Amino acid sequence: MAEIVGGAAMSHVPAIGASIDNGKTQDAYWQPVFRGFAFSRQWLAALKPDVAIVVYNDHASAFSLDIIPTFAIGCAESFAPADEGWGARAVPVIEGHPDLAGHLARELVLDSFDMTIVNKMDVDHGLTVPLNLMCGSPGAWPFKVVPLCVNVVHFPPPTGQRCFDLGKAIRKAIASYGSSERIVVFGTGGMSHQLQGPRAGLINSDFDKRFLDRIANDPESLARIPHLDYIRDAGSEAVELVMWLVMRGALAECTKELHRFYHVPVSNTALGHIILEDAR
Amino acid sequence: MSGGPDNAGIPGTIIFDAKRARQGYALNAFCMSLMQPENRTAFKAGENAYLARFAMTPEQRGAVLRRDWNGMLALGGNIYYLAKIAATDGKSFQQIAAEMSGMTQEHYAQMMLAGGRAPGESVEKPRG
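Note that the protein sequences, when read in sequence, are chains A and B.
Under our numbering, the first sequence has 98 at position 98, and the numbering climbs by one with no breaks.
Under our numbering, the second sequence has 89 at position 89, and the numbering climbs by one with no breaks.
Rather than coming from a laboratory, the hints here were simulated on the basis of the structure.
Owing to the predicted nature of the structure, the values given are computational and were not obtained by experimental measurement.
Please note that a few of the clues may not be correct.
Said to hold, decoys possible - In silico DSSO-like cross-links for lysine-lysine, where the CA-CA straight-line distance does not exceed 30 Å:
#	chain 1	residue 1	chain 2	residue 2
1	A	K24	A	K168
2	A	K256	A	K172
3	A	K24	B	K91
4	B	K91	B	K44
5	A	K120	B	K19
6	A	K24	B	K44
7	A	K120	A	K168
8	A	K24	A	K48
9	A	K209	A	K256
Claimed, not checked - Calculated Cβ distances over 10 Å to all of chain A for the following chain B residues:
#	residue
10	P37
11	R40
12	R67
13	E121
Said to hold, decoys possible - Each pair of labels, with its calculated beta carbon distance range:
#	chain 1	residue 1	chain 2	residue 2	range
14	A	F39	B	A49	30 to 40 Å
15	B	H107	A	I67	36 to 46 Å
16	B	R66	A	P142	44 to 54 Å
17	A	V93	B	E121	38 to 48 Å
18	A	K209	B	S122	21 to 31 Å
19	A	Q42	B	E59	45 to 55 Å
20	A	E3	B	K91	18 to 28 Å
Here a beta-carbon is modelled for each residue, glycine too, at the ideal position from N, C-alpha and C.
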């Protein structure tokens with residue numbers, strides 16, 4: 001039986017990818033950012049998961065306004081890095097896990113989560129930056145990836161509660177998967193940030209710290225935060241934080257916090273990161 | 001959002017909903033086209049001619065040509081789509097964020113280094 005062996009949440013700021021691609025990770029601006037993930041890289045290397053389910057949002061890369069799936073699951077053999085307007089990132093192609101993704105899609109739909117099934121998809125910084133933060137820049141990614149996209153670009157995104165419940169359904173579906181694979185779940189995006197308009201640059205560290213304080217053992221209260229509260233209090237793009245709740249839902253009722261990192265600024269964004277494991 | 005103001009009363013913020021997606025469909029479709037290198041080359045070679053391929057309004061075309069980011073947002077552009085114009089221009093997200101908030105690059109960068117824009121800070125009402 002497959003099992004979930006850990007969860008992590010992290011921001012997926014595109015400038016982090018650019019700093020890696022342009023060889024700037026040792027600059028004074030970037031050093032603290034990568035230092036904040038030193039523990040995380042060791043943790044993941046020691047954990048040696050077989051698969052990561054990466055919950056992220058597509059930023060108008062695979063999905064345009066033509067089709068906007070609320071929840072989409074990538075079932076392909078592999079996923080290429082997207083060209084987001086400056087050429088595709090030179091990171092390794094992401095190896096998928098069609099069998100597990102297919103199992104998840106079937107079980108989730110039967111559990112009343114109407115997933116959109118995607119058999120061809122390029123993946124953007126929302127997925128590749130978290131892989132870099134957690135794995136560095138290896139020649140090949142050390143595990144297979146099941147991409148799970150959540151719409152947070154077109155209002156309204158799914159509610160926090162729905163995302164939390166999706167995570168719980170993922171946990172149930174993993175428990176019925178007939179392999180001994182060990183799986184981590186990443187919830188990406190956030191924390192406070194606003195990229196649009198005259199209020200661009202908004203950061204609300206108090207909001208972020210409260211969120212970090214509650215994700216381990218009071219996720220129910222976070223699941224009740226309305227979209228407009230995120231947008232008003234923590235910036236229009238902070239609503240990405242609902243994706244952290246998918247990760248949290250996939251873990252046990254009680255979790256323990258292994259690591260936390262918070263840093264302002266990363267470009268226009270407050271970077272947040274937390275690692276959780278089931279409390280045993 | 002039906003019945004309410006489309007920025008939900010949140011200053012300096014546009015909620016990108018179904019109405020915005022209809023209004024900005026062609027503008028955002030133009031932005032999506034810039035994901036292909038040959039289209040970026042064609043756009044740079046002649047912006048007017050390239051924009052004529054898309055069923056945008058004259059106001060939307062004008063806002064693109066002027067790189068009026070707030071104008072594009074007001075006309076149905078979505079920030080993640082508009083970012084592809086910035087990328088084509090070789091501009092970072094932080095550069096256009098500074099422009100959208102009416103600040104110099106330097107001032108904006110300093111504000112971010114000092115912890116970002118405070119949540120309670122008053123900002124001008126968005127157009128549109």
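Each hint, compared with the structure:
| no. | hint | verdict |
| --- | --- | --- |
| 1 | K24(A) <-> K168(A) | violated, 39 Å |
| 2 | K256(A) <-> K172(A) | holds, 20 Å |
| 3 | K24(A) <-> K91(B) | holds, 17 Å |
| 4 | K91(B) <-> K44(B) | holds, 14 Å |
| 5 | K120(A) <-> K19(B) | holds, 28 Å |
| 6 | K24(A) <-> K44(B) | holds, 28 Å |
| 7 | K120(A) <-> K168(A) | holds, 26 Å |
| 8 | K24(A) <-> K48(A) | holds, 28 Å |
| 9 | K209(A) <-> K256(A) | holds, 17 Å |
| 10 | P37 | violated, 7 Å |
| 11 | R40 | violated, 7 Å |
| 12 | R67 | holds, 14 Å |
| 13 | E121 | violated, 8 Å |
| 14 | F39(A) <-> A49(B): 30 to 40 Å | violated, 53 Å |
| 15 | H107(B) <-> I67(A): 36 to 46 Å | holds, 40 Å |
| 16 | R66(B) <-> P142(A): 44 to 54 Å | holds, 47 Å |
| 17 | V93(A) <-> E121(B): 38 to 48 Å | holds, 43 Å |
| 18 | K209(A) <-> S122(B): 21 to 31 Å | holds, 24 Å |
| 19 | Q42(A) <-> E59(B): 45 to 55 Å | holds, 53 Å |
| 20 | E3(A) <-> K91(B): 18 to 28 Å | violated, 45 Å |
In summary, the numbered hints that this structure violates are 1, 10, 11, 13, 14 and 20.
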